[in-house]
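Novice: Letter by letter, the chains look like this.
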Amino acid sequence: MTGRERIAVRAGAALVAVGVAARVVLALAHGVGAMGDRVRLAREVVVRQEGLIATLPELERRADSLKTRVLALADRLVPGRTEPEAQAELLAQVEAAIVHAGATVELTDAVSDSVGFGRLRRVTARAVWQSDLRGVLSLMRRLEFGPTLLTVEQVRLSLSQAVAPGQAEQIRADVMVEGWYLAGEE
Amino acid sequence: MSRRPVVLVRPNPPDEDLTEICRAAGAELAGTRVKRITLALGDGLAQVRRISTLPPVSQARLRAIIGGEPARFVRVAQEPLTLDAGWLPTGKPPLALVVAAPTLKLEAAVEGFRLAGVRVERIVVEGYESANVDLLPANERRRRLRREWKLAGWLGFSAALLWLGLAARWTASLRIEERELRSRLAEIEPASGAVAEARHQVDQTAITIRALDSIGGRRGRMVIGLADAASGLPDQAFLTALSADRDSIRLAGLAVSPARLVERLGKRPSLERPRLLPPVSGRAVVGVPGMAPFEIVAGRGRLP
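For the protein sequence lines, the chains are G and W, in the order given. In terms of my numbering, the first sequence has 119 at position 119, counting the first letter as 1, and numbering is strictly consecutive. In terms of my numbering, the second sequence has 209 at position 209, counting the first letter as 1, and numbering is strictly consecutive.
Hints in this document: simulated from the structure, not taken from any laboratory. Backbone N, C-alpha and C define an ideal beta-carbon position, used for all residues, glycine too. Some hints could be false.
[As the list claims (entries may be wrong)] The calculated label-pair distances, taken between Cβ atoms and stated as ranges, are:
hint, chain 1, residue 1, chain 2, residue 2, range
1, G, V115, W, R250, 48 to 58 Å
2, G, R38, W, D203, 22 to 32 Å
3, W, R33, G, G31, 38 to 48 Å
4, W, R275, G, Q154, 50 to 60 Å
5, G, V115, W, A241, 20 to 30 Å
[Stated by the list, open to error] To give an idea of the interface, some chain W residues facing chain G are shown, with a C-beta separation under 8 Å as derived from the structure:
hint, residue
6, A198
7, G217
8, G220
9, M222
[To be verified] Residues of chain W clear of chain G, computed beta-carbon distances all greater than 12 Å:
hint, residue
10, D43
11, N132
12, A168
13, L212
14, I224
15, R246
16, G290
17, G301
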């Protein structure tokens, strides 16, 4: 082997060695960098969680205070912890109001409803009855301003029969009544 | 410039054994911490020429010019010479300095110092120590180059080793910290769960309260709205049907002037932009002379 060949072989070997070393060093640096990122992230999570934990007593106090407010409002909701219970209660209240107003009940029926905000869920009932105009308005007022928080959302009034002059009109009222109940803890 | 000590060698008589002189000079340095020196050649050991007629080229080019035809610049004898050239720091026109010395003598001097344990790093000529010339023989230059490469290799290896050591130490500290953080996270997990649960409770309850407030605000809107709309009807108008939902209200019946009725209803706060729906018939209805059927639709207005 001549001197020139020896130099070429040595240079080639050195190049391969440098390449391998660079590859190993890069892999190591990448691994160390990834570990550094993990540790930094974990550090941030711990700091954030500890900050949140420090607010726990305040959060619990706030939750208790809000719960007390909700319980105070619960009397105005339709009794019942489940949808069937609340629907039954709503229908009973609507029927009682119609009967109390001296109107003729034609139909009361539960309408399926899925609206809710948190634990607050809506129940809807459809009621059809016949009465004169004063009776209709009085009954709707009784429903909307009664002790339970109910709202009349849809109304259809129509004359149920032809009216002779001087005779009281008979009106068929078809209304949708909405009430709210507090669902039990899931 | 190097701060290396300069040792001047001036043999007397000129043919005195240079190796022996240099070994003795090196031995005098034995008590000191000096291990590397610059050797300055005294009178008679080197040829020195100052030339002002050379073109102002780089030092490498100057060396090539001198090395190409040494006989033009120095006396060339049978014995091999070591030459070097450089520009003197001052002088206008530029002044080239050409120095030459017998290679065997230079090697003998270097060998003498080596025997005394002192290394010659550079050889200059007395009186021109500041000039950028070096008469170190070629084999010594090669040896010096090898030494420098070796030093650079060791420095590189040491730096790599140091880097690896630091990286290993840092990695170990990261591992320890990661373990500690994981353990801390596991420790605070129940408390974090309690926080999440409390936040959920607060959010849900706040939503419930907001919804109840909003529903309470809507309460009675239908009854009050219908009563307000009914109060807008004149005595000469009759309603036969009414339907209302959250957004609109529709009235149907008989009136003497439906257009006037619309105008009148438009003034009620419970109704927004009432309008007659087609078809509007001007025919009189049997039994109610002079009255026309109407159907009016309006938006739900904002009640105070």
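Novice: Now tell me if each hint is right for this structure.
Specialist: Each hint, compared with the structure:
For the pair V115(G) and R250(W), the beta carbons lie near 24 Å from each other, so the given range of 48 to 58 Å is not met. Taking the beta carbon of each, R38(G) and D203(W) are about 31 Å apart, inside 22 to 32 Å as hinted. Against the hinted window of 38 to 48 Å, the Cβ-Cβ separation of R33(W) and G31(G) comes to about 46 Å, which satisfies the hint. A hinted range of 50 to 60 Å for the beta carbons of R275(W) and Q154(G) is inconsistent with their spacing of about 21 Å.
Restraint check, V115(G) to A241(W): a C-beta distance of roughly 28 Å satisfies the suggested window 20 to 30 Å. Taken as an interface hint, A198(W) checks out: its beta carbon lies about 4 Å from the nearest beta carbon of chain G, inside 8 Å. Among the interface hints, the one on G217(W) is violated; its C-beta lies about 10 Å from the nearest C-beta in chain G, farther than the 8 Å criterion. Against a cut-off of 8 Å between C-beta atoms, the interface hint on G220(W) holds, since the closest Cβ of chain G lies about 5 Å away.
Using the Cβ-Cβ criterion of 8 Å, the hint placing M222(W) at the interface with chain G is satisfied: the shortest such distance is roughly 4 Å. No Cβ of chain G comes within 12 Å of the Cβ of D43(W); the nearest lies about 41 Å off, and the non-interface call holds. In this structure N132(W) is separated from chain G by more than 12 Å, as the shortest Cβ-Cβ distance comes to about 30 Å. At roughly 9 Å, the least C-beta separation between A168(W) and chain G is not larger than 12 Å, which violates its mark as non-interface.
A cut-off of 12 Å between C-beta atoms contradicts the statement that L212(W) is not in contact with chain G; the least separation is 5 Å. Once the 12 Å rule is applied to beta carbons, I224(W) is inconsistent with being away from chain G; the minimum gap is 9 Å. Interface exclusion of R246(W) from chain G breaks down, the closest Cβ pair being 6 Å apart, not more than 12 Å. The Cβ of G290(W) sits about 15 Å from the closest Cβ of chain G, beyond the 12 Å cut-off, so the non-interface label holds.
Taking the minimum C-beta to C-beta distance to chain G, about 16 Å, the non-interface status of G301(W) holds against the 12 Å cut.
When each numbered hint is compared with the structure, violations occur for hints 1, 4, 7, 12, 13, 14, 15.
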